[in-house]
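J.: Given next are the chains, with one letter for each unit.
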Amino acid sequence: MVEFAGFELPVQYKSIIAEAQAVRNGAGMFDVSHMARLTFRGENVLEFLEHITVNDVAALADDQGQYSMLPNATGGVVDDIIVYRITSDTYRMVVNAANHQKDLAHIKSLLLAGISLTDQTSETAMIAVQGPKAAEIVYSLTQQSEDLKALAFFGTATVEIAGVTTFAARSGYTGEDGFELICSASDASALWNALHQAGVEPCGLGSRDTLRVEAGLPLYGHELLDDLSPIAAGLGWVISKTKPFLGSEPINAARENGTTQKLQGIRMDGKRFPTPGMKVTVDGTEVGEVTSGVYSPLLETGIAFAFINSDIKLGTPCTVDIRGKHEPATIVSKRFFKRS
Amino acid sequence: MSVPADLKYTKSHEWVKVEGDTVTIGITDHAQSELGDIVFVDLPTVGRALGASDSFGTVESVKTVSDIYAPVGGEVVAVNETLGAQSELVNSDPYGEGWLVKMKLADAGELDGLLSAEGYEASLND
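From first to last, the protein sequence lines are chains A and B. Residue numbering for the first sequence follows this note's numbering, starting at 1 and increasing by one per position. Residue numbering for the second sequence follows this note's numbering, starting at 1001 and increasing by one per position.
If we strip away everything but chain A, and leave its shape as in the complex, we get (with noise of 0.2 Å):
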């Protein structure tokens, strides 16, 4: 167990490569209740959210969600987070354990009046049920699974799984289908049990770095932070081209310029991965660093995403400084792995 933004967390539960295979080839589920959970209700919620989160809000009807970003004034970001339209003045944001408390900050330095921001991060909790066979196990457990069959990638429904009344969103950080539940703190025992007896493998932080980082997925605090522009992460497709937000002017200047370096991926020969802050060398020449690594079981090799300079292509051969030794790899696509 490891202490982990207040709460305590697993790495595993057996074994990191065990939990990593049985998301990709079966179900598996996550504890994410220590990711927070925040509503906004208020009949200017939309213009709000337009102004302090990167994507199009209005692009969203009621019971659909869309990952987006909560970005600075300087065009930094502050956090990476989930944003669901309940109805037209009540939204929901999923945003990360690590900046609960910063984010709230941030958010109330901005509010707006009229609107009432609550937190309910403790008296709800988080399971994410991941895997080709995820929502199949999901449908076993609800006499709704019609509605939840008929949701796109980010729709949610209510629905009683289990027993237990869930907000269930088609969503996850593992590249597979799924869904993330929010129910009552006081059920969600009931619910991880359900699961657990339904086939649903417990999952632990290890195996969740280990699926996002072959899906291509950023965590905040490695591929986002407060100086860095979300356009050198690769997030632009998430950013709205449209209207105006808190530091889009920066943001848009990145887009059209460019980032000297830009995240990629990095592919090893060999098993060893590299860890934060390990260096990129391609023909001698120091060309950038690592921010996450990790050993796929999917690919049998070590991975990494690492920010790269801008004129590097994608296949160019490189070595990664592993404590001492220039281990071979390639700068690749960070998506590994990609649902097929």
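Source of the hints: derived by calculation from the structure; they are not laboratory data. Being a predicted model, the structure only gives us computed values, none of them experimental.
Derived lysine-lysine pairs resembling DSS-like cross-links, with alpha carbons at most 27 Å apart:
#1 A:14 / B:1063
#2 A:243 / A:102
#3 B:1017 / B:1104
#4 B:1102 / A:325
#5 A:108 / A:241
#6 A:313 / A:279
#7 A:262 / A:241
#8 A:338 / A:241
#9 A:338 / B:1063
#10 B:1011 / B:1104
#11 A:325 / B:1063
#12 A:338 / A:14
#13 B:1011 / B:1063
#14 B:1011 / A:14
#15 B:1011 / B:1102
#16 A:313 / A:338
#17 A:313 / A:325
#18 A:279 / B:1063
Got chain A sorted already, so can you dock chain B onto it with the hints?
T.: Chain B only, in chain A's frame:
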């Protein structure tokens, strides 16, 4: 956890098998279990002289990187080359095919400072 009775141990979770003046060294079943899936083992070159408690390599798992220490002093006479391609042998067979190095003992008296199987098991419960 398996702790074979015929081996000697260190508190830092290495095991030692004594055959004449040669010792075989590895990490214990408890150590491999705590480390999790091992993906790389960095071993010394043959001929290197080590003092007791010298760090002579690292074991890298999906969870962490851990130093390995020489339980006794001596010269490295063999390293387990198989681990270069199959580091997982340290997980699956820590006392057998997952051995790390063989050393020629410098001072057999140093063996007296190692733990017995019972002593090692007791140290795990401390």
